[in-house]
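What follows is the residue order along each chain.
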Amino acid sequence: MLAKVVSFGLKGVDGYKVDIETDVSNGLPRFEIVGLADTAIKEAKERVRSGIKNSAFEYPTKRITVNLAPADMKKEGAIYDLGIAVGILSCNFDYGIKREKEFAYIGELSFDGSVKKVKGVLPLLISARKLGFKKFIIPKENLIEASFITGIEVYGVQSLIETVKFLTGEINIEPVKPCKFEEISSKQVYSLDFSHVKGQKQAKRALEIAAAGGHNLLMIGPPGSGKSMLAKCFPSILPDMTFEEALEVTKIHSIAGELDLKKGIVCTRPFRSPHHTASTVSLTGGGSNSKPGEISLAHNGVLFLDEFPEYSRQTIETLRQPLEDGVITVARSNATITYPANFMLIASMNPCPCGNYGSKDRECKCSPSQINKYLSKLSGPIMDRIDIHIEVDNVTYEQLKSQSEEESSAEIKKRVDKARERQLERFKNDKNYSNAKMSAVQTKKYCKLDEAGEELLKNAFERLKLSARAHDRLLRVARTIADLEGKESIEAKHIAEAISYRTLDRKYF
Amino acid sequence: MSEKQLLIYFLSQFDLAPNKVEEILNGLNGNFTFSALSKLKLDKIVSAVMAEKILERAEERYAKIYLENLEAIQIKLICKYDEDFPKKLLAIDDGPFFLFYKGDISLANLKSVAIVGTRLPSNYGRMITEKFAKTLANAGLVIISGLAYGIDSIAHRQALNQNGKTIAVLGSGLNNIYPADHSDLAREIAEKGLLISEYCPSAKATRYSFPTRNRIIAGLCDGVLITEAGIKSGTLYTRDYALDYGKEMFAVPGNIDSDKSALPNEIICSGQGMGVRSAEDILKVLHVENVAKKEKKKVQSLTIDEQAIYSQLADGAKSLEELEKNCNMSMSDLNSCLTMLELRGIISRMPGGVFCLC
Numbered sequence: 000m001l002a003k004v005v006s007f008g009l010k011g012v013d014g015y016k017v018d019i020e021t022d023v024s025n026g027l028p029r030f031e032i033v034g035l036a037d038t039a040i041k042e043a044k045e046r047v048r049s050g051i052k053n054s055a056f057e058y059p060t061k062r063i064t065v066n067l068a069p070a071d072m073k074k075e076g077a078i079y080d081l082g083i084a085v086g087i088l089s090c091n092f093d094y095g096i097k098r099e100k101e102f103a104y105i106g107e108l109s110f111d112g113s114v115k116k117v118k119g120v121l122p123l124l125i126s127a128r129k130l131g132f133k134k135f136i137i138p139k140e141n142l143i144e145a146s147f148i149t150g151i152e153v154y155g156v157q158s159l160i161e162t163v164k165f166l167t168g169e170i171n172i173e174p175v176k177p178c179k180f181e182e183i184s185s186k187q188v189y190s191l192d193f194s195h196v197k198g199q200k201q202a203k204r205a206l207e208i209a210a211a212g213g214h215n216l217l218m219i220g221p222p223g224s225g226k227s228m229l230a231k232c233f234p235s236i237l238p239d240m241t242f243e244e245a246l247e248v249t250k251i252h253s254i255a256g257e258l259d260l261k262k263g264i265v266c267t268r269p270f271r272s273p274h275h276t277a278s279t280v281s282l283t284g285g286g287s288n289s290k291p292g293e294i295s296l297a298h299n300g301v302l303f304l305d306e307f308p309e310y311s312r313q314t315i316e317t318l319r320q321p322l323e324d325g326v327i328t329v330a331r332s333n334a335t336i337t338y339p340a341n342f343m344l345i346a347s348m349n350p351c352p353c354g355n356y357g358s359k360d361r362e363c364k365c366s367p368s369q370i371n372k373y374l375s376k377l378s379g380p381i382m383d384r385i386d387i388h389i390e391v392d393n394v395t396y397e398q399l400k401s402q403s404e405e406e407s408s409a410e411i412k413k414r415v416d417k418a419r420e421r422q423l424e425r426f427k428n429d430k431n432y433s434n435a436k437m438s439a440v441q442t443k444k445y446c447k448l449d450e451a452g453e454e455l456l457k458n459a460f461e462r463l464k465l466s467a468r469a470h471d472r473l474l475r476v477a478r479t480i481a482d483l484e485g486k487e488s489i490e491a492k493h494i495a496e497a498i499s500y501r502t503l504d505r506k507y508f
Numbered sequence: 000m001s002e003k004q005l006l007i008y009f010l011s012q013f014d015l016a017p018n019k020v021e022e023i024l025n026g027l028n029g030n031f032t033f034s035a036l037s038k039l040k041l042d043k044i045v046s047a048v049m050a051e052k053i054l055e056r057a058e059e060r061y062a063k064i065y066l067e068n069l070e071a072i073q074i075k076l077i078c079k080y081d082e083d084f085p086k087k088l089l090a091i092d093d094g095p096f097f098l099f100y101k102g103d104i105s106l107a108n109l110k111s112v113a114i115v116g117t118r119l120p121s122n123y124g125r126m127i128t129e130k131f132a133k134t135l136a137n138a139g140l141v142i143i144s145g146l147a148y149g150i151d152s153i154a155h156r157q158a159l160n161q162n163g164k165t166i167a168v169l170g171s172g173l174n175n176i177y178p179a180d181h182s183d184l185a186r187e188i189a190e191k192g193l194l195i196s197e198y199c200p201s202a203k204a205t206r207y208s209f210p211t212r213n214r215i216i217a218g219l220c221d222g223v224l225i226t227e228a229g230i231k232s233g234t235l236y237t238r239d240y241a242l243d244y245g246k247e248m249f250a251v252p253g254n255i256d257s258d259k260s261a262l263p264n265e266i267i268c269s270g271q272g273m274g275v276r277s278a279e280d281i282l283k284v285l286h287v288e289n290v291a292k293k294e295k296k297k298v299q300s301l302t303i304d305e306q307a308i309y310s311q312l313a314d315g316a317k318s319l320e321e322l323e324k325n326c327n328m329s330m331s332d333l334n335s336c337l338t339m340l341e342l343r344g345i346i347s348r349m350p351g352g353v354f355c356l357c
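Protein chains in written order, with numbering that gives the first Met the number 0: chain C, 0 to 508; chain F, 0 to 357.
The hints are simulated quantities; they were obtained by calculation from the structure and are not laboratory data.
Since no wrong hints were added, every one of them can be taken at face value.
Covered stretches of chain C, going by a simulated chain F footprint (3 or more residues, C-beta under 8 Å):
no. : stretch
1   : 353-361
2   : 366-378
Under the rule of at most 30 Å between Cα atoms (straight-line distance), these lysine-lysine pairs were calculated in the DSS-like manner:
no. : chain 1 : residue 1 : chain 2 : residue 2
3   : F       : Lys324    : C       : Lys400
4   : F       : Lys63     : F       : Lys40
5   : C       : Lys364    : F       : Lys231
6   : C       : Lys73     : C       : Lys100
All C-beta atoms in this analysis are idealised placements derived from N, C-alpha and C, irrespective of residue type, glycine included.
When you get a sec, could you build the whole thing from the sequences and use the hints?
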């Protein structure tokens, strides 16, 4: 007896169709799975057998062979359990399963026959829709996640018995009602708000510019000056995610198993802050079973690297390509996978190993060579990709206790949104969404300076000994500052302000 | 070049102490030839290893190759007996015998001030050093220092910025700039000023070479200015040598609880030197006229915002946050004004986002 059902497997962030072919024939009782299955799938034998038995179905004492086609793709995870079980049961006519071919199956089986949640449902369904599939049976727990995809029918099941009854027509399950993204996203609030941060006007201004133009930013300041707090507030002033962006983010989070299944979709911009001991692979993604890394989880959001120079040199350098291209391609022995990684980098560091260099009230105990060694961890190419650097100093007690009203994130966000609108308008014919990602040609085209501006820039280069690579960065930041002000042309004062955000280009020793 | 000259220059490559060189030359009894040198019992004067090294190469052709090599790397060599040798170094007992240099050696005979101090100055020290160096250089004095991190390099840079003259005395060979970060600065000084070392070009800096270097700094200058230095710093050597040589000693007073002002304060309290409040105090003692007095014009051409900032900073250095609070300006305007002022050379920015008047 042969049964054939459909399921889907994941390669990177995209799904591909997997045919589950089940053959039940006479012979010594035996259960074999073929088709480049990993350990989790091989163990499906045990789960499927127990699941079937404990659901009070009869487990065939025959020779069972399951093939997962295409046979040359390495398959992972427990998502094929449900499909395999349905395949075996539909070989037995006694149960009267007829509609098994109409659906695609995703789900893990438990010994008691219940269907458990799995990772990566959203990307699987999106890919399946593209391939023309319409009907799906998935674990009920994953249902909310699936409800954001239109144009397909998704049925949530809790157990194998329920699935079989549904397939025989004994019971009816309603497909999940589609959810409106706007309804959910408008309810989202960020837990941290800039109104909670006292003082730090300079940093707030710089973060506003960074948010408006998508610029990467580095904060330099002594320990306890509130760098992390500022960074954590940062997502709250970023423009809202569009549905497409949210889907992309949710896809990645779903694959990594980081998705909040009660919400089903990520509608706030992600904020990731891996510790500085993080391995390179955990940041970039990859590994033996190819999972997206922190930089992909920060896609469309913020990657915050606290204590930037403490990360290993290799880890920092791997950020170069994704910062430039917005994607990361990891090549491993079994596959080459591209994950999206279009994040904004917010980094923070101390000015020196002891942290007090340049501080008003504490003395630095480091030697110049120690400081140089510390700073030299940040290579030129990486610094080249960070547009804004600012110094953050300790907040005084008076500032901390002051009753003055601080500007809320919502107010800042309004200005940011306006500046972004201008950029969308400017780049509507280009493949670009923000000032920070302007190419050299675009910079030349959109960042024209008047005479006073040119003069100022020239003067700045000579006096402040700015590096050549700072030139285009400066122009892009100045462009954003002008956008924030609603000005079409870049004026001298915009350039002047942009220059003040290039702290690290100066030589202090 | 006579054989005598060749022989003397030949000895420069061994980094011998000046008195050893004299001893060797005296031992030759007026017979300055390489053959006489090979017969000399060198191991009585220098170590056996060194003696062997000298004898190994004591030939005219080697000496010529050595000098040609020096020329090829554009390093000039001068010895005590030469006419151009800095007069002030002849006046001190333990002056160097040889000097390797790049640049204009005549600068060493001009009136000069050595500005020395800690490698890791506070913002106060940084600001004060900049101010003093600027005025002194403008008044035509040569600024001498040691190319080290901190006060030294600030003094050099300020002098160069003002198109003034500056001399850097190294504790390492000229081909082995220490700290390596300052190679660019050294190149600029060699072009526009003078770079000196007592050590042969390939010599590496050692912990002993810096104190001996400091005696040349003290010897070359007419006065020593110590802006900021700890009580146990290498600047102590410069102070001691300068006092020994009878040079003027200036110190900038600082807070009594600041470690970095400990040495200048000690100098002032013990009466070893004079406390100075501005570069004019130094100029008076050295009988140099102060030429630059254009400060007031600058202030007049400022915008209202810029004037507000200027008057704030006239009270002393302020951080960005303080300026924002006191000037009642938005952060964006403040940042752009500050940059404008900085570019016009009216204020300067220091680590930690602190600003002060130049």
